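Student: These protein sequences, in sequence, are chains A and B. When we follow numbering that gives the first Met the number 0, the leftmost residue of the first sequence carries the number 0, and every step to the right adds one. When we follow numbering that gives the first Met the number 0, the leftmost residue of the second sequence carries the number 0, and every step to the right adds one.
If you are wondering where the hints come from, they were derived from the structure by calculation, not from laboratory data. Accuracy of the hints is not assured; some may be wrong.
[As the list claims (entries may be wrong)] Listed next, the in silico SDA-like pairs over lysine to any residue satisfying Cα-Cα at most 20 Å (straight line): (1) A/Lys-5 x B/Cys-225; (2) A/Lys-64 x B/Ile-303; (3) A/Lys-62 x B/Cys-225; (4) A/Lys-64 x A/Leu-6.
From a predicted model like this one, the values you see are computed outputs, not experimental measurements.
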Amino acid sequence: MFGLGKLLYIVILTINGIAVLSEDRFLNRIGWGSSLNNGNTNAANQYQQFNTGFDNNDGTSVKTKIVNLIGAIRTLLRIPLIAVNIAVIAYEIVFG
Amino acid sequence: MYTPYGNVAAQGQPNQFIGGQQNLQHPQPQHPSFQQQQFNVPPQAHQQQHPQSQQQVPGGGASTSYTSFLNDPAAALAGQFARNGFEQSNQYIQQNFGSFIPTGTTDLKYYFQVSNSYVLKKIFLILFPYRNKNWNRLSLQDVTGESSSSSPSNSQQFAPPNLDVNAPDLYIPTMSFVTYILLWAAFQGLKGDFHPQLFGYLSSQTLAFTVLDITIFKVGLYLLNCSSQISLWDLVGFSSYKYVTIIVLLCWKNLVSDYWLYYYPVLFGFIVSLALFLLRSLRFSVLPSLSVGTTTITSKQRRIRIQFLFVYAVVVQGLIVLFMSY
Numbered sequence: 000m001f002g003l004g005k006l007l008y009i010v011i012l013t014i015n016g017i018a019v020l021s022e023d024r025f026l027n028r029i030g031w032g033s034s035l036n037n038g039n040t041n042a043a044n045q046y047q048q049f050n051t052g053f054d055n056n057d058g059t060s061v062k063t064k065i066v067n068l069i070g071a072i073r074t075l076l077r078i079p080l081i082a083v084n085i086a087v088i089a090y091e092i093v094f095g
Numbered sequence: 000m001y002t003p004y005g006n007v008a009a010q011g012q013p014n015q016f017i018g019g020q021q022n023l024q025h026p027q028p029q030h031p032s033f034q035q036q037q038f039n040v041p042p043q044a045h046q047q048q049h050p051q052s053q054q055q056v057p058g059g060g061a062s063t064s065y066t067s068f069l070n071d072p073a074a075a076l077a078g079q080f081a082r083n084g085f086e087q088s089n090q091y092i093q094q095n096f097g098s099f100i101p102t103g104t105t106d107l108k109y110y111f112q113v114s115n116s117y118v119l120k121k122i123f124l125i126l127f128p129y130r131n132k133n134w135n136r137l138s139l140q141d142v143t144g145e146s147s148s149s150s151p152s153n154s155q156q157f158a159p160p161n162l163d164v165n166a167p168d169l170y171i172p173t174m175s176f177v178t179y180i181l182l183w184a185a186f187q188g189l190k191g192d193f194h195p196q197l198f199g200y201l202s203s204q205t206l207a208f209t210v211l212d213i214t215i216f217k218v219g220l221y222l223l224n225c226s227s228q229i230s231l232w233d234l235v236g237f238s239s240y241k242y243v244t245i246i247v248l249l250c251w252k253n254l255v256s257d258y259w260l261y262y263y264p265v266l267f268g269f270i271v272s273l274a275l276f277l278l279r280s281l282r283f284s285v286l287p288s289l290s291v292g293t294t295t296i297t298s299k300q301r302r303i304r305i306q307f308l309f310v311y312a313v314v315v316q317g318l319i320v321l322f323m324s325y
């Protein structure tokens, strides 16, 4: 039965799936690497961020948004995911 | 007069803007012999402070450099930038997470300012949205009709739900959520397979669907780079109006007819009504309003946004209604 517990599993597994994507083996090959795209325009982006406070203007297309999202999840959630995964594994070992 | 601490107190006046760390330290006795001793065996921290203090004792050079820092145009510019960015980030936080902070309860009070006529009109609007002409949310000035030109910053404030049918509320969603769970349990009880655990299962399932629903819409808004004028509670309200449809469908199914020839036309009719209601209501959040015209989008972007809105309002909501009224 679909419920909040299943939803939690779905969220954790989805974030794990995004975080496990390899930058140089997979993402760069299909052109979704965050490091390749932003390397050139980084300085301009930073200037714009300084100017407006947030980067409202850059990345209007859906693809750049997805690339940014994947990059952000990979960098931001890597360490919390370790703790969450350990907790879930422990729970599953004891009660699952 | 020999006061070993007095020297430090006199020194502290010109110093207190420059070396904050020096003020934090306890006053050290500055005997000539002690000072000598410190110079001979300088620990690492003192090595940096002592040349400073030695310089500042003779003149007030430090305070003049501070005032020149204040008058520096580059510093003023940097300060302005910092303040600007801070205000923007503060506004962003208020817009997105302000509802979780307990001080923002006035935000929630807005959604419960409902009246009987509003609730009736809104339920009728969800079930039969074909008669409504104007779908724009009224601003507060439209309703009160006064102080239109005095405060241009308040132009984004919307009228509360009891004054505007198109405003989202949270009264109907919460009530219909509870009603849905109780009604489902009651119909299960009429069939003879009621169990108290059903309440827990159902509320968990319904909440999970709501979270999933809002997540889909939020991710869509992010990916399409929509300027989010819509707050999170607005989204909760709009995504939870489908319980009204589901309740009506449940009643129809259990009280009138379960036969597919009578049930499915009603089902799809109500799903289409709900989809139309959501399409018209959520339009202002996805597409920028035509009258403002400050943020122009290309026709391609517009088409993608309309497609996304269609998929959300028709396919996602339809599937959820289909599943939950089953």
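Student: Hints first: check each against the structure and report whether it holds.
Tutor: Verification of the hints:
1. A/Lys-5 x B/Cys-225: Measuring from Cα to Cα gives roughly 30 Å; hence the hint is violated.
2. A/Lys-64 x B/Ile-303: Given pair A/Lys-64, B/Ile-303 holds - Cα atoms ~14 Å apart, limit 20 Å.
3. A/Lys-62 x B/Cys-225: The hint holds at about 14 Å.
4. A/Lys-64 x A/Leu-6: Given that 20 Å is the threshold and the Cα spacing comes to 24 Å, the pair is violated.
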